[in-house]
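*Asks:* The lines below spell out each chain.
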Amino acid sequence: MRFYCFHLMPWAYLPEDFAQRYDSAWVTCPNSLYDAELGHPLYNRYLDELELADQLGFEGVCVNEHHQNAYGNMPSPNIMAACLARRTQHAKLAILGNVLPLYDHPQRVAEELAMLDVITKGRVISGMVVGTGMEYFSYNINPSYARERFHEAHDLIVKAWTTDGPFAWEGKHYRFRYINLWPKPYQKPHPPIWIPGSGSPETMEWVAQQRYTYMVLPTLAPFELRRQSAAYFRQCCEKAGYSARHEQIGWGIGIYVAESDAQARREYEPHFWYYARNLLKTPAPLSLPPGHTSLPTTISMAERRQRSRPGGLSTWEEVEKGGYVVVGSPETVRQRLEEYAKRVGFGLLVANFSVGNVPSELTRRSMTLFAQEVMPKLRHVNADAPLGDAASH
Amino acid sequence: MTYQDQIISVRGRQVRLLRGGKGQPLLYFHDAWSYMWQPIHDHLAARYDVVFPIHPGFEGSTGFEEMDRMEDLVFHYLDVLEALHLEQPILMGVSLGGWLAAEFAVRSSAMLRALILVDALGIRVPGVPATDLFRLDAAQMRAAIFADPSSALAHELVPDSPPQGSIEAMLKARQSFARFAWQFPDNPKLASYLYRVKCPTLVVWGEADGVVPVSHGQAYQMKISDAALAVVSHCGHLPQVESPEPLAATVLNYLEHLADGS
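Taken in order, these protein sequences are the chains called A and B. For the record, in the first sequence the residue sitting at position 112 is 112 according to this note's numbering, with numbers rising by one throughout. For the record, in the second sequence the residue sitting at position 34 is 34 according to this note's numbering, with numbers rising by one throughout.
What the hints contain is simulated information worked out from the structure, not anything from laboratory work. We put the CB at the ideal spot given by N, CA and C, even for glycine. Keep in mind that the hints are not guaranteed to be accurate.
[Said to hold, decoys possible] For lysine-lysine, the following DSS-like pairs were computed, each having C-alpha atoms within a straight-line distance of at most 27 Å:
{"#": "1", "chain 1": "A", "residue 1": "159", "chain 2": "A", "residue 2": "184"}
{"#": "2", "chain 1": "B", "residue 1": "172", "chain 2": "A", "residue 2": "172"}
{"#": "3", "chain 1": "A", "residue 1": "172", "chain 2": "B", "residue 2": "189"}
{"#": "4", "chain 1": "A", "residue 1": "239", "chain 2": "A", "residue 2": "321"}
{"#": "5", "chain 1": "B", "residue 1": "22", "chain 2": "B", "residue 2": "172"}
{"#": "6", "chain 1": "A", "residue 1": "121", "chain 2": "A", "residue 2": "172"}
[Said to hold, decoys possible] Stretch-level coverage of chain A by chain B, calculated; a stretch enters the list once three of its residues show a Cβ under 8 Å from a Cβ in chain B:
{"#": "7", "stretch": "141 to 155"}
{"#": "8", "stretch": "158 to 170"}
{"#": "9", "stretch": "289 to 298"}
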């Protein structure tokens, strides 16, 4: 197994009564609640945590894109990756991902990732996402075109990375006479592409066909639903004529490690509820705008949402039983993750240590315990054979 | 009243067509919530040949993939009119359908006998933005659309959770609606072209419209040269649903006087 350290960079200072006073942490959440005096140390603390992940031997660090919200303060993930590019030594920079349909110039995404890839000598992983429904409100992008724009932007970016220019692009949503990337990416043919997802079948089918890595997002959902997603992705790969490698499946999950189970829960639980009750607070119309997902998926997601949304969770027992997060002593965390890994078959663990408003010293201790006491014992689990064999036929 | 429910083919698109009554043709453009034959159509069909096509993307009609702008819908309906050999129809539209009727009329009002705009979306009125319908939940949506959000009709058209049999139709309606009406349900340039509407026009508005307030109706009336405005009291965004009798009386009366006068 390989280990990535994920960050949401949440706003940690929402008022105590936020959930009672406001109906959303997104789009309309008043930015009078944002305070740059607090934001300055918060950003730098979060970046320090990702730098620590590099020092602790995580294979990569992950940033992501969300707009106009308290849930994750990275409207430009590429800026965060740029901050990390020269302050990390070994870690891959996984940008999970750029929300492609939001942009009228996808070549900007291609350019920025190529810049980062060259600067870091090929440490960039490019995540590409359709994005949450909320982003379509924030950027006034018609969600009935979300899928079309995603696919066309993806095709344009990959072609810009892999084809010598200048060439013309004439699609439905994008038309450019001159695509001619300076710089081109360091990695050949292009940076690895990961597609984070929350269970849309059409996304999984496409990812399998492209042979990209599918990452089951850490957004709070019970283990069983997420296991089903991974299982469906595996089926899609079989249907596309090959078996998924472990490393083609990423597993996002909230993790917290302390000396004992009781201590871990005591330290973590209040911050978990800050996350679940405040940061995830989204009215359904904002998260499911029309056309953002296909009709069958919209129907099934509406049902899933009702069944799985943490707004419905009220006790820690439910959280534990549903496998929403993995919290405990190093041994408990190792056992749980090993069990999950064996049941799901994932080879990439994408761990989020910074849920809600966990204080920095606790986050750093949890990450350190994980890296020193859990990681070494899980490396052998779901390790793939070297690619050479598979690639030779 | 009996009406036909049939599928016709127009340039490879399947168009579901509801049609009832005899007389001059009255082409009816529906909104995003009530895309079925209702009492209002019975009232109108008592005097007119009511031709009620379902828009592309709504249940029963195809061709949504080719519809990117209101103009595509206008061309679609020019084709439909031609296929049906409708001569000098009265064109009536509600909400989204009213916007479409106005877009149609600025391009080709010469082929219309009259234009009837009911709580039409479509124009931008400074200082009075249309409600962003897509961020509303069912209860908020009922409050925006209906003068009486607690009525059985309101709950039927905008249910808290759609009955199994109509989930897909409702999602399709919502998606097709969003294609044209996402965030700003208007064409910022439409108002400046309304001078091109040269046929007699009746603008009807629900007094309690919480989507596009009466000031939008007044703006339509002011920009169209031969336009009258009638306001329906105790009525929201969908008068054909909430006040079918007063709406029918207003429309039929207007059309009758038009017939007398010409």
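*Asks:* For the pair we were handed, residue 159/A and residue 184/A, check the Cα-Cα distance against 27 Å.
*Replies:* Cα-Cα ~11 Å, so holds.
*Asks:* Just to make sure I understand the rule, a stretch counts as covered if three or more of its residues have a C-beta closer than 8 Å to a C-beta of the chain. Does the stretch 141 to 155 of chain A meet that for chain B?
*Replies:* As far as the stretch 141 to 155 of chain A goes, the hint holds, because 3 residues have Cβ atoms under 8 Å from chain B.
*Asks:* For the pair supplied as a hint, residue 172/A and residue 189/B, is the alpha-carbon distance within the 27 Å limit?
*Replies:* holds, 23 Å
*Asks:* Using a Cβ cutoff of 8 Å, are there at least 3 residues of the stretch 289 to 298 of chain A near chain B, or does the coverage claim fail?
*Replies:* The restraint on the stretch 289 to 298 of chain A holds, since 5 of its residues have a Cβ under 8 Å from chain B and three suffice.
*Asks:* Between the alpha carbons of residue 172/B and residue 172/A, is the straight-line distance 27 Å or under?
*Replies:* Answer holds: residue 172/B to residue 172/A is near 22 Å, not above 27 Å.
*Asks:* For residue 121/A and residue 172/A, compute the direct alpha-carbon distance and say whether it is at most 27 Å.
*Replies:* violated, 34 Å
*Asks:* Between residue 239/A and residue 321/A, is the straight-line Cα distance small enough, at 27 Å or below?
*Replies:* Cα-Cα ~33 Å, so violated.
*Asks:* Cut-off 8 Å, C-beta pairs, minimum 3 residues; does the coverage of the stretch 158 to 170 of chain A by chain B stand?
*Replies:* violated (count 0)
*Asks:* Can the restraint linking residue 22/B and residue 172/B be considered satisfied, given a maximum Cα separation of 27 Å?
*Replies:* Violated - the C-alpha atoms of residue 172/B and residue 22/B are around 31 Å apart, more than 27 Å.
Violated hints, listed in ascending order, are 4, 5, 6, 8; each of the other numbered hints is respected by the structure.
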